[in-house]
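Top to bottom, those sequences are chains S and H.
Going by the numbering used here, 91 is the number at position 29 of the first sequence; the sequence numbering is gapless.
Going by the numbering used here, 118 is the number at position 18 of the second sequence; the sequence numbering is gapless.
Fair warning: there could be bad hints in the mix.
To give an idea of the chain S side of the interface with chain H (calculated C-beta under 8 Å), a few residues [unchecked claim]:
1) 105
2) 107
3) 171
4) 198
FRET-style restraints, in silico, Cβ to Cβ [stated by the list, open to error]:
5) H:346 <-> S:163: 29 to 39 Å
6) S:260 <-> H:115: 21 to 31 Å
7) H:201 <-> S:121: 40 to 50 Å
8) S:317 <-> H:363: 51 to 61 Å
9) S:177 <-> H:356: 14 to 24 Å
10) H:273 <-> S:282: 16 to 26 Å
Hint data in this document are derived by calculation from the structure and do not stem from the laboratory.
All C-beta atoms in this analysis are idealised placements derived from N, C-alpha and C, irrespective of residue type, glycine included.
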Amino acid sequence: MTAALTSATAEAGAPPPPPRGSSRIAWLLLTPGLAYLVLFFVAPVAVLLLTSLYERVPDGPVGATRPALRWENYTDALVTYAPQFGRSFLYAFIATVLALAIGYPLAYVIAVRCRNRPLLQGLLLVLVIAPFFTSFILRTIAWKQILADESLVVAVLKTISLLPDDARLTATPTAVVAGLTYNFLPFMTLPIYANLERLDLRLIEAGEDLYANPAETFRRVTLPLSMPGIVAGSLLTFIPAAGDYVNSALLGTASTAMIGNVIDSRFFRVVDYPTAAALSVLLMAAILLLVAAYVRRSGTDDLL
Amino acid sequence: MSRPQFSLGKYLLPVYAVVAFIYLLTPIAYTFAFSFNNAGRSNLTWQRFTWDNWRNPCGAPAVCESVVNSVAIALFATLGSTVLGTMIALALVRYRFRFRSATNLLLFLPMATPEVVLGAALLAQFLNLRVNPGFTTIVIAHIMFCISFVVVTVKARVATLDPHLGEAASDLYASPRVAFWRVTFPLLLPGIAAAAMLAFSLSFDDFIITNFNSGNTDTFPKFVYVSATRGIPAQANVIGSAMFLIALLVVLIGQVLAARRRAAAEAR
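Bound conformation, chain H alone (with noise of 0.2 Å):
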């Protein structure tokens, strides 16, 4: 039996979702609008439309140099991440072992702390060890804050797929080995690059942590906010709207894959 709909939810949650689009989307739009202000140093005001920012992007003292460091910081990031990540969710999902509650715990404290603390502590723990915080400060510190939501991710992957799959392939007489790496790992790789592609953007976007941990090297959000007092050059907004006009086409293309992906299965 079929009602008419509510009316007043069928006007309304529409409307009251075109605006909270507004809402989200406006700094985005602002964003890449002022990227192509002919605005010199302080890109404040609107000046006149320009292509310059675009065609030379690195044109600003230090914003590529920023770019490049956070690009190599969000790859290393990445695969430690991923994968200490895919290993502890696969231990979890598919093991017996004691001690299971603590790692759980031990796994949701990083994600539960605010970034703050995260900085303060490992910062804290550099200093004790008098090492100097710089690159390789950053990256360990992005590791650690990912592989938690490298886990979550993951696992839920490994807890849909049919355990049954692997004892087939054992049936039919390949060793754990084989079973593994040629039934359940092409199964587990879309979590995975799911959660690879989370820990990039986590890493790369990063500020709070990274800022207690980055010495003298410059990130891309670091160089950013930095600047925000004596003025944002225009390129900052070229390559903030390039990233999304990158990671926008990197999920529509993915979205495509998995239309297609979903066709064939259909047509067989």
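Just chain S, with the same shape it has in the complex (with noise of 0.2 Å):
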């Protein structure tokens, strides 16, 4: 799991070496798994781009559509949800933002505090994965659980009067951009340890031989150096916060609803597959110029 994670940062840094053989053997190797993404991937996101454009049959059976092109499907969407939309984009920012603050000087505490202790290091490393372990949903459940109102936590803060007697915990938006942050946390952490855990040192003592304080060091240094783990571990964070719903679903209500929770109850409940289809387009279309954008203005562009 580490490796995966901090490797998907790891070959960033790295030249590869010049590709070499065959191009048949190549293409032996490359078609089964090209072939399975183009069935699997490709072509149900091309049938849900046309399913965006069908038009429901007002009369027919539940869920019955036909093909048409119902472009007033992507306004009527956009229209409909724009606060949950606003919403996914704003609470997936946020805890992106925590996820980076809180897991930014965890990874530098294990990559480069206990970069001579490989036994704490070790153990501490497995506390961060510790996380994936457990069924996401069971720990979401857990911090609903935690949080609720007759929990002992919120006992206990009421009591020390850290929080306001009629104040609840759960069900607000806290509760769910605490949710995402947690949820997520892990995958922010671990690209950026793996990137830290290659500074070389020499170069931070070099910045102080230079007479540069420590943040300055820092910001000039260290920062810049592993910006391609800061890139790879807030797309890790931003793309699957965007999209959730699990959060929103226990930690929130109503008022909390991201798009996620839209598309899912559009599909299943409201059986509408059309606007379904047409919020996945607009979401993933979104997401791809957002994430577009920002790789190419950190400048990480191989990271592609």
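Two chains, each in its own frame: build the complex with the hints.
In structure tokens, the structure reads:
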């Protein structure tokens, strides 16, 4: 697990060896996997695009649609669900920033401060990936119960007046954002760890020798060098967070509904496939645009 | 030249890290503690300590069926995605071919697409083909989203291999096939194993894509999510905690083995 997520960033650093060998073998190796992705990724997305333009049959059976080019599906979906769209991106953005604020120092402590203590380093790394070993739904429900009105934590917080008597922690936007941050924190921490693990400490010493104070050394040396890790971690956090509906469903209310909740309920409760498909296409397009802009801006094109 | 460490960083950072760890581990400790709760159907408030849930993890209806489904799905998904992904990774690093950037894009897109979109797209496809969602469609979906992660993991390993090792084997008159299976493949195995473990855990813990493509088939995450409204049986906590302990054991054994291998290499 660690190796996997850490290697996601490892390759950005090393130049690849020159490819060699015949292209016939290459295609033999590539064809099965790429064909699979074409069949079960490209084709479904194409079907989704088509479905997003279909129109519903008003008097037909539940979920009945007919082929059409109804572009209004998109405008209707955007107008109706603009708040949920906005919320998704806002919550995902806040969660990404919080995860970075928590995950970067954590990764730094494990990768740099514990570098001479491999045993401690290994242990802390296991603790970071530990959440992966318990079902994330179970952990989210655990949060729901920890933060519940009648829970011990809330009672203690109220007793020491850290929390007003009538305040609640569940069913609030704060709880949803905290849940998102929690669930994707390891995805932020591990790529940054993988990057900082290879940071040459002599560079920091050089910065100090040149009379930069620690803050400036960090800003001018460490931070730019760890940029690929930050970019990979932010993407691994932001993308799933923007499409998530589990945290909102378990920790929030209808007024914290994100776009994932709408897509889910359009598909399964309302059985309105065209709207669900249009919303999915919009979400995918928006995320791809953001990702492309972010990757370009942060100067880590080779990540792709 | 060594200067005294920045004192703020020296003390603040470790404290910060400890708080972060508490945040990360609290729900796990909670899940573990409540697996010992004598709670009956609704495991919401602490009643009293019991071993019963651990003695009889299948005591609650449908828990174990869902776990068996999840394990079976994860095994199939791991096998399929590891084979397909490893082949792609080998081709990407070792061979020259056209459409390389198109291939890279095709591998990147599934990772950059939110699960809810992947799930909805596949379900739209299955509905279109009049395929009833169930066990098979879950496996198909899981292989799809695991492939890219396998490629990334194995690719990193292939890229660190010394290409001269294969050449050395050829110089010693090994056929390309023998050189691959006797030299390259064993060196790749740790990377492939890491990829397989990643695929297994991604598949086992997946909820959103699964929920779209599962029909009436229950997986463990789906079982927990669905029962959340009417109360989760303590047996679910037992399963979650047991998975946690097993995975922890696997990782620790892996670390010990790696440390031994390093020590042996240094001794040589």
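Quick check on residue 198 of chain S please, does its C-beta sit within 8 Å of some C-beta on chain H?
holds (6 Å)
Given residue 171 of chain S was flagged as interface, is its beta-carbon under 8 Å from a beta-carbon of chain H?
With Cβ-Cβ at 4 Å, under 8 Å, it holds.
Can you verify the interface hint for residue 105 of chain S: is its Cβ closer than 8 Å to any Cβ in chain H?
Hint holds; residue 105 of chain S Cβ to chain H Cβ min 6 Å, cut 8 Å.
Verdict for residue 260 of chain S, residue 115 of chain H (Cβ pair) under range 21 to 31 Å
holds (26 Å)
Outcome for the supplied range 40 to 50 Å, where the beta carbon pair is residue 201 of chain H and residue 121 of chain S
Taking Cβ atoms as reference, residue 201 of chain H and residue 121 of chain S lie about 49 Å apart, which means the hint holds.
Evaluate the given range 51 to 61 Å for the C-beta pair formed by residue 317 of chain S and residue 363 of chain H.
Because 57 Å falls inside the window, the suggested range holds.
Indicate whether the distance between the beta carbons of residue 273 of chain H and residue 282 of chain S respects the range 16 to 26 Å.
At 54 Å between Cβs, range violated.
Tell me if the beta carbons of residue 177 of chain S and residue 356 of chain H are separated by a distance inside 14 to 24 Å.
holds (20 Å)
Hey, does the residue 107 of chain S contact hint survive, CB to chain H under 8 Å?
holds (5 Å)
Measuring from beta carbon to beta carbon, are residue 346 of chain H and residue 163 of chain S in 29 to 39 Å?
holds (33 Å)
Violated hints amount to a single one, hint 10; each of the other numbered hints is respected by the structure.
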